[in-house]
Amino acid sequence: MAAAAAVVQPRAVPASELDAFLPRGQGKIDHHAFDVLLQRFVKPDHARYNRVDYRAFGENDRKELKGYIDALAAIDPAGLSRNEAYAYWINLYNAKTLDIVLEHYPVASIREIDLGGGFFADGPWSKNVLRINGIDLSLDDIEHRIVRAQFKDPMSHYGLNCASYSCPNLAQAAYTGISIDTALARTATDYINHRRAIDIRGRDIVASKLYSWYAEDFGGEAELKTHWQSYASPSRAAALEDADIRSYRYDWALNDV
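Numbering follows numbering that gives the first Met the number 0, in which position 149 of the sequence shown is assigned residue number 148; successive positions increment by one, without gaps.
Misleading hints may appear alongside valid ones.
Dumping the calculated SDA-like pairs for lysine to any residue here, alpha-carbon to alpha-carbon at most 25 Å [unchecked claim]: (1) Lys62 <-> Asp29; (2) Lys224 <-> Asp241; (3) Lys65 <-> Ser246; (4) Lys151 <-> Ala182; (5) Lys151 <-> Lys65; (6) Lys42 <-> Ile99; (7) Lys65 <-> Ser15; (8) Lys62 <-> Glu102; (9) Lys65 <-> Arg39; (10) Lys62 <-> Leu129; (11) Lys27 <-> Pro153; (12) Lys224 <-> Asp250; (13) Lys65 <-> Val106; (14) Lys62 <-> Arg130; (15) Lys65 <-> Pro153; (16) Lys224 <-> Ile244.
If you are wondering where the hints come from, they were derived from the structure by calculation, not from laboratory data.
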């Protein structure tokens, strides 16, 4: 979820190479190791906003996280079923984002992390940080050129976590092929019913910039209210009916406890 392009970008991976990741099999993955870490360190508050207790990660926990990432990187995602591959990429993105933040913690925002993506690098997204099947990938590659391009599901925006306050929650459980649709719907519900996503002020809506950046994925700005009302509480859905989007905002503060 990069906010700005860097001056010097890594070599773009040819689309033909990324096509090699298209799921064609029936393989499944056990995400239990990531599940345990998420349940231990993701802390929901009374408003169902999930924060991460980065400070509580110990050396063994960090090793477990890196071991999980390495295990995923050793898998050929083309051998997975579609839903398993969908869960694979979202979990890999989230796990690597966690790993990067932990490597640089404490930071006030993930945008402070410069991995050498360019003179004006703004966050870690454009730098190659993973190698899958011999192909070097950045977080941007995973989000935009694999998840968005191959799965074409706007709900992916509720699964990919950028370690920031205004981002949808980092779920307390790893995504799995068998339950990914239900899990993404739950995360969407929590987000849409929180004011960091949609702040209704009378007839005015101040929405998260996520919906400005990716409006086309949701069918265009004109379709956003319909999407929100599908997941909003009855009272919130009613309030949305006569309100209009006036502006967008985004808070990049780290999603720390």
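>> Lys62 and Asp29 were given as a pair; does the straight-line alpha-carbon distance stay at or below 25 Å?
In response: Cα-Cα ~18 Å, so holds.
>> With the threshold set at 25 Å, check whether the alpha-carbon distance from Lys27 to Pro153 stays at or below it.
In response: 23 Å, holds
>> Lys65 and Arg39 were given as a pair; does the straight-line alpha-carbon distance stay at or below 25 Å?
In response: The given pair, whose Cα atoms are some 16 Å apart, holds under the 25 Å limit.
>> For a C-alpha distance cap of 25 Å, please report whether Lys151 and Lys65 respect it.
In response: Cα-Cα ~29 Å, so violated.
>> Hinted pair, alpha-carbon criterion (25 Å max): Lys151, Ala182. Please report holds or violated.
In response: 17 Å, holds
>> Please verify whether Lys65 and Val106 have alpha carbons no more than 25 Å apart.
In response: Satisfied, since the Cα-Cα distance of roughly 20 Å is no more than 25 Å.
> Are the Cα atoms of Lys65 and Ser15 separated by 25 Å or less?
Replying inline: With a Cα-Cα distance of about 29 Å, the restraint between Lys65 and Ser15 is violated, given a limit of 25 Å.
>> Check whether the Cα positions of Lys65 and Pro153 lie no farther apart than 25 Å.
In response: Violated - the C-alpha atoms of Pro153 and Lys65 are around 28 Å apart, more than 25 Å.
> Are Lys42 and Ile99 close enough, with their CA atoms no more than 25 Å apart?
Replying inline: With a Cα-Cα distance of about 19 Å, the restraint between Lys42 and Ile99 holds, given a limit of 25 Å.
> Is it true that the CA of Lys62 sits at most 25 Å from the CA of Arg130?
Replying inline: The given pair, whose Cα atoms are some 18 Å apart, holds under the 25 Å limit.
>> Next pair to validate is Lys224 with Ile244; report whether the Cα-Cα distance is within 25 Å.
In response: 9 Å, holds
>> Lys62 and Leu129 were given as a pair; does the straight-line alpha-carbon distance stay at or below 25 Å?
In response: 16 Å, holds
Violated hints, listed in ascending order, are 3, 5, 7, 15; each of the other numbered hints is respected by the structure.
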